[in-house]
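Join the two chains into one complex using the hints; note that each chain is given alone, in its own frame.
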Amino acid sequence: MINLSVDRQNAWRFRAPSVIPGFGITFGYTLLYLSLIVLFPLATLLWRSSELGFGGLYAVASEPRVAAALRTTFSLSFAAAFIDLIFGLIVAWVLTRYEFPGRRLFDAFVDLPFALPTAVAGISLAALYAPNGWFGAYLAEIGVKVAFTRLGILVALIFIGLPFVVRTVQPIIAELEIELEEASATLGAWRLQTILFVLLPPLVPALLTGFALAFARAIGEYGSVIFIAGNIAYISEIAPLLIVVKLEQYDFAGATAIASIMLAISFIALLVINLIQAWSRKRFGHV
Amino acid sequence: MSDILISPALKKTSLRLCGATEDSAFARKLLIFVALLFLLLFLFAPLVVVFIEATRKGLPAFLASFHETDALAAIRLTLIVAAISVPANLIFGLAAAWAIAKFSFPGKSLLITLIDLPFSVSPVVSGLVYLLVFGAQGLCGKWFSAQGIQIIFAVPGIVLATIFVTFPFVARELIPLMQEQGTVEEEAALTLGASGLRTFWTVTIPNIKWGLLYGVLLCNARAMGEFGAVSVVSGHVRGLTNTIPLQVEILYNEYNSVAAFAMAVLLASLALVTLGLKTFLEWKYADALSGRSRRH
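From first to last, the protein sequence lines stand for chains Z and E. Read in the working numbering, the first sequence has 1063 at position 151, and its numbers run on one by one without any break. Read in the working numbering, the second sequence has 201 at position 166, and its numbers run on one by one without any break.
One chain only, chain E, in its complex shape (with noise of 0.2 Å):
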């Protein structure tokens, strides 16, 4: 509104004034090309790199990598993972939100605390937490073993160890979006005669659903990227226990760059995905996500 007000003569000074809180065009240029120097230098070429490495030695070769019998048994386990462990943390987030967000009881900050535990232990330590409890000398261990269930060293452990670290994604990006939202459109719901369930499903899921993608997007690639955690408790047995991020390590530790790239091209692929959907999300329904997750 204010442009139309302002006389050209007026803008002018108006702009000159604006000059005095802005930075000389030689600094501005100047910044630009440090941050976008560093984006490059640090961010851009190790993603580029993959790409490149993967088909240093042609596309034919490239293509090989994936007809091996532990290539493909390392991305149907790494599926199986995030298949099962992505559901389980969804439910997990769902339940978590709504009794945090939509009841007020005591202890509620310290809940939400515990909740984000997960993410600032080191995914070396969420492994051997894992190893303590299930391992042979630990706790947990004789009982199962003496059952005949393998945990450690196999795929339980696995998801076990992925389901650890990938615990707060979903939750975290429920719980600030419903507590937003507030509990009015589910009272109204209820008032009407709707019944508990029907209210969660007609009222509350397509409140939630875009910042419950969101939250089940970053779920999963971290189910699937994840490293050090799985790599403690999985024993690396090819075509068994090798998930895809273990089986580029094992594959670079032979000096077999290109099919150690190519793995590594999957896994990058995923992330570019993941950051275009997410960026998607972030611009389309901005107003349908939580403002508060911005960051993980």
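For reference, chain Z alone in the conformation it holds in the complex (with noise of 0.2 Å):
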């Protein structure tokens, strides 16, 4: 009954009642500049977009080279998410099961993307794949040209997106259980089957939520990607550099549709990453 009357006393409260000082002043504060900093600006955005409806953002995003620049951004950044998917799986088995000289060294630098200015990866990457660079003269003999084509924004987005796969895919192969790998061994199961059908499917939460990460940061890439993509309208130009182009030329309406099909598509990738990671933790028991 005392609790009772207790819950009923602190219904109106918006937070429940502690010792511990301060919310009033760290509360208000954390909404005060998250809303100046992060929600005004964005809300801006969307109220801007939606001055042009529905109408004006599908003129823009049908104008040709807007459409071109579109597509060659989700096609590339779901190409780079999945190659980084299948290596980041491979770097983080090896990184996670496997003992060899040097590991904790590769292990750190698979955050290099990470730390690394986008600007400065840009640049670098360019370097290396023009046709007198280290990789572009040898690809170049093969007749494969890297540099200033889709294949070098591919390349630039595979950098930028294969520490999303391997960190997030590590914890859970440090999780596996060997118990089920044993069990599935004498059970007469072939190592390929292990693999298979025990090891990968808990896995498979983790290596989705990667996926969708690195797809989500390609999306919305720039420095590293313009640099070597050589920016040819119709063929190598990415959303984001639209962007700017529009910027440059005083279309502000049209930048504004750009980045408002760009944040929507960012807010539907992490809606489908929550949503993984509800229904692995219902599934697996872990994120």
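Read the hints as simulated data drawn from the structure, not as lab findings. The beta-carbon is built from N, C-alpha and C at its ideal position, and this holds for glycine as well. The hints are all genuine.
Selected chain E positions facing chain Z (in silico; Cβ < 7 Å): (1) Ile67; (2) Phe73; (3) Leu78; (4) Pro81; (5) Phe140; (6) Leu152; (7) Pro153; (8) Ile198; (9) Glu222; (10) Ala256; (11) Thr309.
A short list of chain E residues far from chain Z (calculated; beta carbon distances all over 12 Å): (12) Ile115; (13) Trp178; (14) Ser180; (15) Tyr320.
Cβ pair distances, simulated, as ranges: (16) Z:Glu975 <-> E:Thr148: 30 to 36 Å; (17) E:Leu312 <-> Z:Gly967: 49 to 55 Å; (18) Z:Ile1107 <-> E:Asn288: 47 to 53 Å; (19) E:Glu222 <-> Z:Gly940: 20 to 26 Å; (20) E:Leu75 <-> Z:Phe1179: 32 to 38 Å; (21) Z:Glu975 <-> E:Trp178: 32 to 38 Å; (22) Z:Glu975 <-> E:Ala96: 43 to 49 Å.
Shown next, in the form of structure tokens:
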């Protein structure tokens, strides 16, 4: 009964009672700062694009140059995230399960794309894959041109997305229970069967999350791509670059339209990631 | 313990049993080879090339790049921008983590999602939103320009865009860490008569200092290296609104490769120092960092 009355007393309270001071000022400051720095500017973008309406958004998105850039961005981001998925899994597996000299160093280096500023990555990738660069010269001999083509964009997006897959999958590989493998092996499964039917399924949610994170990052990526892409209209222009191009032409409405399309895609990716994680928590008990 | 109990003969059989749960030596070597080759080609090579290209024409040419007034101005501006935006997000991170981790209130997970929001916005879009707010046609732009304050194509715009893109770093490191630690120690300090501030400085801060440093480290690396968002709001005025990454772009587009890569060496070194310290913190103080935020 006493509990009930306390509950009723606090029913109108926003926060649960606590002896710890400072809720008002820290919570208020958090909301104020968040609103001023993040929410208000983003709301301005949404408000400006709502002025255009769906018709206006569609008109911009279906301009041939914009449509080509959006297609380039999405298809290459998807391809890069897929390649990251495969090699990220191998890298994560090798770094977690095997012992070899320099393992720690390689493990630390996986985070390089997070730490290296995108402009630096951009010019060094361009230098590597340029026709006279380290890799570019060899690739030119076999007739493959990477720099200033779509392939160059793909390389930059692979670079930028790899750590997302590795860092999402690694902890799950570390948690895999050896008993499951032993059970599978003693029950007569081939190693390949164990890998496919015992080891891989619990990794699926993490792999999907890593894929979605790499994909979302690739869609918005700008700095590392523009130096190697060559930025040829209709061929190797990415959507973020087109925002910059529109701004340079003082076409604020066009830039706003592309930005809100990209923002919508990132939010959908964020939603998908959350759904995968919710499903994974239910199915496997971890993220 | 089990090692001691198992006789050598038994151990041999158990080793063979282990073999069934391990990949064959060939598969193992192949996978290690593929993984390392991929890392070397895709991650290591781009890093090494920065240093090689910068010193292509010898050390004097490399060093001369830093005597340019524009280069020095870019370095100074980058330091100023980081010196404002990192503390701003540090204070916010502490406030947000205190409110979220030490109290319970409805809508908490929504608040955490909103704090993470800037990470899922493209850098170019982050710059654009500030252009829409503070630009000549923007909502607040007219008012500010009437007061004679220029924000876009000036330092304030660069600082704001940098604060936006580095917004979540400190908060997302501290929130899970402080949630794990709970409120018991603070409650003990308070019941023993310590004031709120004293509790914060002598109980909370020592508990979170390594996590705090970790967050600040990542925040600083991004603040100094941000390109896309800053590029949109900077206006690229040489010697005035160019940060190091923007200076890299300008020099590169002018085919001044050595100078561009010399500037890039600064940023690549910053990245290496950041990675080194980060790895050190993760290795030495793994318990004092939250387990959740290993990715950004």
